[in-house]
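6 protein chains.
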Amino acid sequence: MAGPERKSRMITEAEKAIIAYHEVGHAIVMRSMPNADPVQKVSAIARGMALGITVQSPSEDRYLMRRSELLSKMAGAMGGRAAEEIIFGDITTGASQDIEYVSSIARRMVCEFGMSPLGNVLLKGDAEGNVTMSSEMASRIDREVSVLIDQAYETALRILREKQEKLMLISEHLIQVETIDGEELDRMLFAA
Amino acid sequence: MAGPERKSRMITEAEKAIIAYHEVGHAIVMRSMPNADPVQKVSAIARGMALGITVQSPSEDRYLMRRSELLSKMAGAMGGRAAEEIIFGDITTGASQDIEYVSSIARRMVCEFGMSPLGNVLLKGDAEGNVTMSSEMASRIDREVSVLIDQAYETALRILREKQEKLMLISEHLIQVETIDGEELDRMLFAA
Amino acid sequence: MAGPERKSRMITEAEKAIIAYHEVGHAIVMRSMPNADPVQKVSAIARGMALGITVQSPSEDRYLMRRSELLSKMAGAMGGRAAEEIIFGDITTGASQDIEYVSSIARRMVCEFGMSPLGNVLLKGDAEGNVTMSSEMASRIDREVSVLIDQAYETALRILREKQEKLMLISEHLIQVETIDGEELDRMLFAA
Amino acid sequence: MAGPERKSRMITEAEKAIIAYHEVGHAIVMRSMPNADPVQKVSAIARGMALGITVQSPSEDRYLMRRSELLSKMAGAMGGRAAEEIIFGDITTGASQDIEYVSSIARRMVCEFGMSPLGNVLLKGDAEGNVTMSSEMASRIDREVSVLIDQAYETALRILREKQEKLMLISEHLIQVETIDGEELDRMLFAA
Amino acid sequence: MAGPERKSRMITEAEKAIIAYHEVGHAIVMRSMPNADPVQKVSAIARGMALGITVQSPSEDRYLMRRSELLSKMAGAMGGRAAEEIIFGDITTGASQDIEYVSSIARRMVCEFGMSPLGNVLLKGDAEGNVTMSSEMASRIDREVSVLIDQAYETALRILREKQEKLMLISEHLIQVETIDGEELDRMLFAA
Amino acid sequence: MAGPERKSRMITEAEKAIIAYHEVGHAIVMRSMPNADPVQKVSAIARGMALGITVQSPSEDRYLMRRSELLSKMAGAMGGRAAEEIIFGDITTGASQDIEYVSSIARRMVCEFGMSPLGNVLLKGDAEGNVTMSSEMASRIDREVSVLIDQAYETALRILREKQEKLMLISEHLIQVETIDGEELDRMLFAA
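Protein chains in written order, with UniProt numbering: chain A, 1 to 192; chain B, 1 to 192; chain C, 1 to 192; chain D, 1 to 192; chain E, 1 to 192; chain F, 1 to 192.
Pulled out of the complex, with its shape left as it was, chain A reads as follows (with noise of 0.2 Å):
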């Protein structure tokens, strides 16, 4: 017995709404957060891999950052998660390549930038000599990881809470205009 999951279709109402609030959610927490990076635009068509950039690209390496601007990052990655949770109560799918950028900042943050409680230990197989992670130092990091996560989702809910009438209003404006640009999304989001 075959199902249906293998035709293609079009993008039904139900899901357009689902990824507007979602990127709505995203931009909305990453402009909230300290050392926001600006947002050029915010777009309601389903976009293939066009979120996730990642820190892994050598050129970001060249640059300092700093473990606020992370924290930062983190909180806005998940935003697009936290608005359909507060939205819809059914979390989708449409959020893993959010979880795979935030679980890399985190793992990177623990494992190579010495930013949490293990310290300053680089935690990383090396060319050098393979030496053996130990099973309980594997544990650790997981733990460290999660909390790092929890709290950036932690918080991309608590500001999606409060502000969630802004959340509803540009996210309705996004359905219908499908692009909102930059500055058109700041003045909707600061405006009394």
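For the record, the hints were derived by calculation from the structure and aren't laboratory data. Any given hint could be a false lead.
For chains that are exact copies, the list does not tell them apart, and a pair is met inside one copy or across any two.
To be verified - Distance condition first, Cα-Cα at most 20 Å in a straight line; then the derived SDA-like pairs of lysine to any residue:
(1) K124 with R143
(2) K124 with S96
(3) K163 with H173
(4) K16 with E69
(5) K16 with R66
(6) K124 with S146
(7) K124 with D150
(8) K16 with N35
(9) K124 with E112
(10) K124 with R140
(11) K16 with S68
(12) K124 with E100
(13) K124 with Q97
(14) K16 with Y63
(15) K16 with R67
(16) K16 with L64
(17) K166 with L189
(18) K163 with A191
(19) K16 with I86
(20) K41 with M168
(21) K166 with F190
Given the coordinates of chain A, assemble chains B, C, D, E and F onto it according to the supplied hints.
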């Protein structure tokens, strides 16, 4: 001493009955879950890999899938085995593809989609630096995966016990006619 | 100092007896289990890999196999060793293929067919993302596998103790005639 | 939604200050430790891989290195991050090479040079027979490595707190002149 | 500073004595165990890999081996070291092949032949799906293997202590004549 | 900021002294142990890989080695570091080859020669079936290896403390003459 396993043989009547109840089990659970996929047809002929279109196909990843939809798919996949247990009291190897399917969804929900108490952390070996997942985390993943699968099976059992008469009616009919299309299935299932 | 293990030698009378009882042990248990496969012939000549047609063959996977059938196969496979223990009080390496066979069935029942308390979860390395099985899960699998195998061995012992006279009668006959076909076996086994 | 991380940009004044304090932090700690290496010059221009000449280079293995020298190197390597924490209260990713360096020295001290409570045992995979290191030993190694690194960081913090005025004086000067040679550094550091 | 290990040298008288007692130790234990293999000859000349014909050779797998035979082989293999301990009080590296041999038998008894409390389960990596053996099972295997080996060593010690006079008599003779054939060995051993 | 590690430099007087005491430490311990190897000459010139002729060389495996000999080799190998600790109170990386050597002997004693409480079991990955060593066994091996090495180090310290005056006398002499042959060493060591 050689046993007869190697000889090709025709499907026995007993096997035909098991297959029929198995397929109808799937169909009834799928149609009974919220956000159910429509069923095109149900066939009583052993069909190799016909069941088991998994969410791994890249085409599926373009669409958002809600947690409720994934749970429905899992319960539907457990409908075959649940029918066998209720009617025959002896489960068969015919559910191995369903087991593979439901395990795959469950693991992705836990490890990639953040749809478990473990939260929004990516739990997958990645090309980037191959961080060892701790044994503790692997255990927690296994536990959450089992929870999701056990719940899906319990759901399928519950639905088929409630609709046991329909299960028997439709299955017996299927044994006779060998194929039932989606509309006829709905009529038989939802009629008084 | 070199021992004589390397020299080719004829099978001794003692070994001939062990082989005969081993083979008859298999045959009696197989014929005594529900859903028993018919036995074509029993031979007392050492036969290399004649025993041990495993369920791994793809042809078998096209047919449904019920849990009761798999348990019968396992008990039958343990019939050889059980006979050795009951009659000779000293087990031999002649059971190594039986051990491989019964371990394979047991592991598949637990890891692929969901036929254990571990439930309907696939416990196998898969191509897709190579998820690490936790050490805890691996332990649980080992335990369930051992349970199934120990039960199969106990079943074989029980059956052969009940039918010990038949075991001796048929084995001694086999030592004389070297081959007994399936019908003769059934006559000797089920006669008063 | 794309963020601005990809664009090339000039180093901001804020980043210039962080780099200057970071470098002076290194220099001050190095000059304050016993068996200190002389410092040739300090530069405020971001310099890619300029820092982090590791002990892995074979040329270094020809010379004896005393435990006190290795501890001094480690504390010096932590001087950059210590300066950031004391002055800015926000650590950056700029210390990742220092983390790699100090981790490498610490691991070699524990695993190859017998310079820890674990004693004179080689704790490294060797070509000869690939003996598995126990998980217990791997944990003990991780712990001793962390102890060495934490002590190095504490030492750096202590030194820079004692010499905080010098740190600020020399760093501010460096921001202006962009390069300070070793002699001028010593004069500024050791003057009243 | 270079030590003399590299120079070729003649076997000293001391070493000749150790080898003689070692070989006679083997022979006496082997002839004293039930189901003993006959001994062809005993030689006092260091013989490279002459000892240690293992059960791994495929030819051996065609024959049945009883548990009692395997235990006898193991005790016999421990006869060399047992003789060294009893007579010289200082064991040598000359037993390394015996250790390899006895470990191999023990492991096969536990992992392939079901000849331990672990039962009739195959405990070996197999081509089929590479199921991970749990750490718990690996520990249990190691323990059962050690039990078998320790028992074999204790048996060898016991036998050689009972026959210590024969051990000394035959060994001293062997040092003189350099070779003793099987019949002469039996005569010397079993005479009053 | 670049440190001076890369520049080639002459061996300092301080390093010359450390090397001399290190070498004499080896020589004195080796000559003081039972079954000592004769020492050909002692040199104060840094000599690359001159020390560290390991027991791994196949030529050595043709000869029997007694446990007492192996313990003597280990204590001798620890003589260099012991001298550094007693005289200078600061150990150096110059002992890394000694550490590798002593670890190798200790591991072989435990894993191949059955010269530890773990008994006569082979604890090495073998080509045959790659049985996993349990984590528990790996821990026990690490512990026994550390015990052997710590004892060797304690022995070396004890011997050199007893002979501290000789150590200083001979080392100071070596610094002057740069080479002492074996006979002169023995004369200086064993004279009143």
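Hints and how they fare:
1. K124 with R143: Both: 16 Å inside a copy, 15 Å across copies.
2. K124 with S96: between (24 Å within a copy, 12 Å between copies)
3. K163 with H173: Cα proximity of K163 and H173: one copy only (15 Å, versus 45 Å across).
4. K16 with E69: Between. Shortest inter-copy distance 17 Å satisfies the 20 Å Cα cut-off; intra-copy 31 Å does not.
5. K16 with R66: Only across copies: K16 and R66 sit 13 Å apart there, 35 Å inside one copy, limit 20 Å.
6. K124 with S146: both (18 Å within a copy, 14 Å between copies)
7. K124 with D150: between (23 Å within a copy, 18 Å between copies)
8. K16 with N35: Classified as between; 17 Å across copies, 30 Å inside a copy.
9. K124 with E112: Cα proximity of K124 and E112: in one copy and across copies (7 Å, 19 Å).
10. K124 with R140: both (14 Å within a copy, 17 Å between copies)
11. K16 with S68: between (33 Å within a copy, 18 Å between copies)
12. K124 with E100: Both: 18 Å inside a copy, 9 Å across copies.
13. K124 with Q97: between (23 Å within a copy, 13 Å between copies)
14. K16 with Y63: between (37 Å within a copy, 11 Å between copies)
15. K16 with R67: Cα proximity of K16 and R67: across copies only (17 Å, versus 35 Å in one copy).
16. K16 with L64: Cα proximity of K16 and L64: across copies only (10 Å, versus 37 Å in one copy).
17. K166 with L189: within (6 Å within a copy, 46 Å between copies)
18. K163 with A191: Classified as within: same-chain Cα gap 12 Å, cross-chain 48 Å, threshold 20 Å.
19. K16 with I86: Result: close within a single copy only, 17 Å intra versus 41 Å inter.
20. K41 with M168: For K41 and M168, the Cα distance is within 20 Å only inside one copy (17 Å; across copies 41 Å).
21. K166 with F190: Answer is within: at 9 Å inside a copy they meet the 20 Å cutoff, but 44 Å across does not.
In summary, this structure violates none of the numbered hints.
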